[in-house]
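*Asks:* Dock chains B, C and D against chain A, hints included.
There are 4 protein chains.
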Amino acid sequence: MIKFGVIGYGYWGPNVVRNLDHTDGCKVIAICDKTPASRKRAQKAYPAIPVTSQAEELINSAEVDAIAVITPVWTHYELTKAALEQGKHVFVEKPFTSSVVQAEELINLAVKKNLKIMVDHTFLFTGAVKKIRQLLKEGSLGSLYYYDSTRVNLGLFQHDINVIWDLAPHDLSIIDHLIPEIPEAVSATGQTHLNGVEDIAFITLYFPNKIIAHINVNWLSPVKVRTTLIGGEKKMLVWNDLEADEKIKIYDKGVDVTSQQGLYNLLVNYRSGDMWAPKVEQGEALSQELAYFVDCIARDKVPFNDGASGMRVVEMLEAANESLRKRGALVYLRPQQRPAPSLSSRIELEETSTCKP
Amino acid sequence: MIKFGVIGYGYWGPNVVRNLDHTDGCKVIAICDKTPASRKRAQKAYPAIPVTSQAEELINSAEVDAIAVITPVWTHYELTKAALEQGKHVFVEKPFTSSVVQAEELINLAVKKNLKIMVDHTFLFTGAVKKIRQLLKEGSLGSLYYYDSTRVNLGLFQHDINVIWDLAPHDLSIIDHLIPEIPEAVSATGQTHLNGVEDIAFITLYFPNKIIAHINVNWLSPVKVRTTLIGGEKKMLVWNDLEADEKIKIYDKGVDVTSQQGLYNLLVNYRSGDMWAPKVEQGEALSQELAYFVDCIARDKVPFNDGASGMRVVEMLEAANESLRKRGALVYLRPQQRPAPSLSSRIELEETSTCKP
Amino acid sequence: MIKFGVIGYGYWGPNVVRNLDHTDGCKVIAICDKTPASRKRAQKAYPAIPVTSQAEELINSAEVDAIAVITPVWTHYELTKAALEQGKHVFVEKPFTSSVVQAEELINLAVKKNLKIMVDHTFLFTGAVKKIRQLLKEGSLGSLYYYDSTRVNLGLFQHDINVIWDLAPHDLSIIDHLIPEIPEAVSATGQTHLNGVEDIAFITLYFPNKIIAHINVNWLSPVKVRTTLIGGEKKMLVWNDLEADEKIKIYDKGVDVTSQQGLYNLLVNYRSGDMWAPKVEQGEALSQELAYFVDCIARDKVPFNDGASGMRVVEMLEAANESLRKRGALVYLRPQQRPAPSLSSRIELEETSTCKP
Amino acid sequence: MIKFGVIGYGYWGPNVVRNLDHTDGCKVIAICDKTPASRKRAQKAYPAIPVTSQAEELINSAEVDAIAVITPVWTHYELTKAALEQGKHVFVEKPFTSSVVQAEELINLAVKKNLKIMVDHTFLFTGAVKKIRQLLKEGSLGSLYYYDSTRVNLGLFQHDINVIWDLAPHDLSIIDHLIPEIPEAVSATGQTHLNGVEDIAFITLYFPNKIIAHINVNWLSPVKVRTTLIGGEKKMLVWNDLEADEKIKIYDKGVDVTSQQGLYNLLVNYRSGDMWAPKVEQGEALSQELAYFVDCIARDKVPFNDGASGMRVVEMLEAANESLRKRGALVYLRPQQRPAPSLSSRIELEETSTCKP
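Protein sequence lines, in the order shown, are assigned to chains A, B, C and D.
When we follow this note's numbering, the leftmost residue of the first sequence carries the number 731, and every step to the right adds one.
When we follow this note's numbering, the leftmost residue of the second sequence carries the number 731, and every step to the right adds one.
When we follow this note's numbering, the leftmost residue of the third sequence carries the number 731, and every step to the right adds one.
When we follow this note's numbering, the leftmost residue of the fourth sequence carries the number 731, and every step to the right adds one.
So here's chain A without its partners, still in its complex pose (with noise of 0.2 Å):
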């Protein structure tokens, strides 16, 4: 039975004490929230859970074995590090840190300790990623043209993290998770109109192989959109995860390059066939992903979703604010960086794994 600290309360943290409440080979026995509201909540929700102000009482605690941190990003490294050092696993809300500098050392210090970092990129967990993830291995999209995402909508404005921070580690993360290449340089462009943050930014990311990923994101939008287009050599797809039933269309199209005989000449023929919805597994991510964390605790696996995973995602972001500030100028990813060893025993993981997503 592993015993769960809970930091933080506010929109998220619910969810995650909810999950971990219906989880079996764990509990929560403890919540922590800064705000008197969010604790009034969490007391009201949860009478027989303990509430505190101070995250030291959780982290401090001999009885909880590990840490969810749901806290905002400028507070993970810091809380993170202070769990570790006490001998607790931690399962952090994404983005991992707000550097790389911060993410390399709390993976060191994790792997010192033996302790899981577990970054909760939910969407891995959902049904249509896992279809998609699917049908890529399955080469049923044939060879990866692009990935380009829209999430846009009259949003939650953040103030101490722009667009970018908040919205793209969506993308950032599934991107990660479905293109085995690492990206090779980013460029970014937005603006700021109201607060002093970007609310609108366009990223694209380069990737080897002619693979180019876009995401727009944009705080200001009139209407919600969570579009994502993603085109192969044999078949594109659209995944609208605003849908209720069919969030995942994959179209027998495509075109077909027949002869090569000088730009000129060059005969392209377009294919136009039926269109398919697979079914999507309908479960709650979350729950997921939470069961899998105890999982890997309990059988001592690393979790694909790791602390390597998480900072994969901050320095695409931290490339993407850089080129951001230098509108648009390409920002390198720095190679030695790229976790080949991870990315190789996150696969090996999969497959071995019986509580993979």
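Possibly wrong hints are sitting among the right ones.
Since the list can't tell identical chains apart, any single copy or any two copies may satisfy a pair.
Claimed, not checked - Simulated pairs of lysine-lysine, DSSO-like, Cα-Cα distance not exceeding 27 Å:
#1 Lys861 - Lys964
#2 Lys940 - Lys954
#3 Lys940 - Lys979
#4 Lys774 - Lys757
#5 Lys811 - Lys843
#6 Lys964 - Lys954
#7 Lys979 - Lys1009
#8 Lys1009 - Lys964
#9 Lys860 - Lys954
#10 Lys867 - Lys964
#11 Lys842 - Lys733
#12 Lys770 - Lys757
#13 Lys861 - Lys979
#14 Lys861 - Lys1009
#15 Lys764 - Lys733
#16 Lys774 - Lys843
Honestly, the hints are just simulated from the structure, not real lab data.
*Replies:* Showing chains B, C and D alone in chain A's frame:
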């Protein structure tokens, strides 16, 4: 009665001939196309109009008053120049030319000869763009924040131009028409997958006053999308050009910043009110555009979609292409190229002209 | 403080308990369900509330002021009657009873005992229905022409009632709420395919003044549809209850008959103007309904969704069922059953009550 | 070379002439319309074809082989009869005639004269209907449960016929084509609001084997809807004719009744699997239909959309109208009118004919 010679009877040429045929004050007296099959189609549709394979016959004909150049972009400069030299007014397909240098030469030649150039930015004559322009001019949206267009589908692959030169002129001419400011700089990213020209690209335009524009063009999308988000301080709109009826939806949604006590204490209020879809004029845009051209010739008026307008679009295309080659690096637009006089004449024109769209 | 006993903790009961739990002026002091699994769920969610399998315990308890009957329709009469006899107010799931005869008996009993009956016509408390009612009362739509609802999906099969008794009460209660006239007659058609009760049915209601209503209900539809067209002389609206944001769209469309020189010379003009989607209140309807019930008890007011309202719906259901058996044959509603006094009290109520929805 | 005379050049006639003009094996040699404006349009579009106001000129012309009757329904009988008497084949607009009596007389006359009648049930030649028919014949949907069509919009008001005669022939001809059984009885309801003919109506058709069909037609809808749900034992489909690409969606959804231990113990299982949108043929239906007519004449084949097919539709229309007058009362179709021989010939035809749709 203005007598037209139409060069090019491929995809778009038949629409130009058909609309000129229904426009008062003009008639088509000759059609030219290099391709025998196109000439055959023209002959069958218009038995009374002579059809030739030699553009010179039209350009040199003493009877022809105006030439419509509806041919690939790389032929525009040469054909337009020859026509102007022979004293003909020119209606030329977008994009105007392959370079700003060519555009400048043609503009100067037309001025010297006192001839009209109209660049076929058809979208400016649609009910949707006219309605959006009216809303912006009236101030209904408040200060403009952004223009964000997605224009993708499984498109006709071009061999001589990339997806930016093929699809972006629509948005660039609309942006030029809607936004009084001239963009400062461009960043563009993209990728080529099939035949040596970019088939997917993303363009960001930086304007003064924190206005930002973004254009997503893609020949490899499984679905056709023609959606533009326009965000303003007061209201925001969505223009979905594929909707039969409700093309423009205006949302009484927005953000009010009510207090500025440092970044962390900023109070942001969200507004969410009614949505409104105004009735949009339904007539064929090309028909109105050609009637406007005939009227500009007859009454010696400068069209607002003149050579200068076409040149501004070409300058943005050139800059986007340069940035694309440099993978997002910012390319400044040359301030000296910004045709301030033309802009003011443009505004004046519209106030006085009765044939404005 | 009104003390509730809730009978029935299956699909809808938990929502009633949760909302009563958040309503000022009342509390749930006992829950009853026949099914052990449901009792277990109730106990886990509300450890402090006693849970029983015996409805009599709640009905006979001196502490209970009001009973919520959230059970299958065939049990409503018996449970409600027992509760009224024990001096309890009753909130009862729709449809009110299995027959008009039962409904009348319960209404008379409640009057005699001076107790309140509220029938859970939840939809009347949604923002959408409130907005439509307001538009009709203001005369925005002009004289009403028709109400046409489609309410289909791959539904939960019921064994004791057919698709009309399962799905049509929603529309019938809305129609009763929106249209001041009482329907004259009903025609219904349908078919049974699987388990002996009709799974697809079509109901037409004839009203005075040429108003017509139609309801399409179907348990065997591959897609969920919740769309109602409402046509009036001046304007028409579409209510799509599955839309997250724009549930109601009002069209400035219509037909003007300008001249009546015999049928063949009739001049009909079409109007087509703007579309408008008003902001619709978002709160949970059941929460408002229960607060209204508590207020009606506390202030001794007759709720507009009282027993008489529930009986009018049951009468339409009975008539529809009879017509269904006769394959569409017209069944007249009994004029003497039309509760004219209740209607006027209903109107008066809404003007004076501060707790009206 | 079959020579056509086309009577009627209003809304639909121009499409018939244009398609005949592009069909091999035939040509239009005369056009007739009573209205001067229509004759002027015809003359402008086809300068080489003589245009007249006198239908007799075409009907009596020795050069004409076949007459297309594209006029209001009340003229069909007289014109078709005259044409048959003069030995002409007839292509006649739907609905075939104003009554079954008229239809029978024309069918008998055509048989006697060995002439072809084709009723213009254009929808039967669309890719969508052909695909649905194929799915039903293959048994992909399993036993048919229901056909439920909504065909509404702010329509062109007719003065001589009501909304059933205007819009329902489409669905009735499709139903006749898709469902091998002949309906037993009809119930119809509706209302008239403006000009003395019903502008909204609902038709139910009862078939053997518990198949039920329903048609919702309305001239007073603010939005255009063309959606048909078709439910079968194995699969269900949605045909949305307004979709550009994915007109037909087939759902692997359904209900399995696994046990029948009395009504209350019935176990119903829901299946929910993939959705599939097959590619649907895109060509113009009318073009295929006219080519089929020419082929049937040339090869002396009986078209499947012959007079008998047209008469079955007229019989359903007459019955629906009678029921409508009686406000839903069931009207039986006359068994002796069911053209069993024609049905078998219809099936045989399609197997052997190479020009079948």
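*Asks:* Against this structure, judge whether each hint is valid.
*Replies:* Status of each hint after checking the structure:
1. In this assembly of identical chains, the alpha carbons of Lys861 and Lys964 lie at most 27 Å apart whether taken from the same copy (17 Å) or from different copies (25 Å).
2. Taking the shortest Cα distances, Lys940 and Lys954 sit within 27 Å of each other only across copies (23 Å), while inside one copy they are farther apart (30 Å).
3. In the homo-oligomer, the alpha carbons of Lys940 and Lys979 lie at most 27 Å apart inside one protomer (24 Å), although the nearest pairing across protomers, at 34 Å, exceeds that limit.
4. Taking the shortest Cα distances, Lys774 and Lys757 sit within 27 Å of each other both inside one copy (18 Å) and across copies (15 Å).
5. Within a single copy, Lys811 and Lys843 get their C-alpha atoms as close as 11 Å, which meets the 27 Å cut-off; across copies the closest is 68 Å, which misses it.
6. For the homomeric pair Lys964 and Lys954, the shortest alpha-carbon distance between copies (18 Å) is at most 27 Å, but the shortest distance inside one copy (30 Å) is not.
7. For the homomeric pair Lys979 and Lys1009, the shortest alpha-carbon distances inside one copy (10 Å) and between copies (14 Å) are both at most 27 Å.
8. In this homomeric assembly, Lys1009 and Lys964 come within 27 Å of each other (Cα to Cα) both inside a single copy, at 21 Å, and across copies, at 16 Å.
9. Within a single copy, Lys860 and Lys954 get their C-alpha atoms as close as 23 Å, and across copies as close as 25 Å, so both meet the 27 Å cut-off.
10. In this assembly of identical chains, Lys867 and Lys964 lie within 27 Å of each other by CA distance solely inside one copy; the values are 13 Å within and 31 Å between copies.
11. In this assembly of identical chains, Lys842 and Lys733 lie within 27 Å of each other by CA distance solely inside one copy; the values are 22 Å within and 58 Å between copies.
12. Taking CA atoms no more than 27 Å apart as the test, Lys770 paired with Lys757 passes in both settings, with 20 Å inside one copy and 20 Å between copies.
13. Proximity of Lys861 to Lys979 under the C-alpha cut-off of 27 Å is found in both arrangements, the shortest distances being 11 Å within a copy and 20 Å between copies.
14. For a Cα distance limit of 27 Å, the shortest separation of Lys861 from Lys1009 qualifies both inside one copy, at 9 Å, and across copies, at 23 Å.
15. Within a single copy, Lys764 and Lys733 get their C-alpha atoms as close as 21 Å, which meets the 27 Å cut-off; across copies the closest is 36 Å, which misses it.
16. Taking the shortest alpha-carbon separations for Lys774 and Lys843, neither the intra-copy value of 36 Å nor the inter-copy value of 38 Å comes in at or below 27 Å.
When held up to the earlier numbered hints, the structure conflicts with hint 16 and nothing else.
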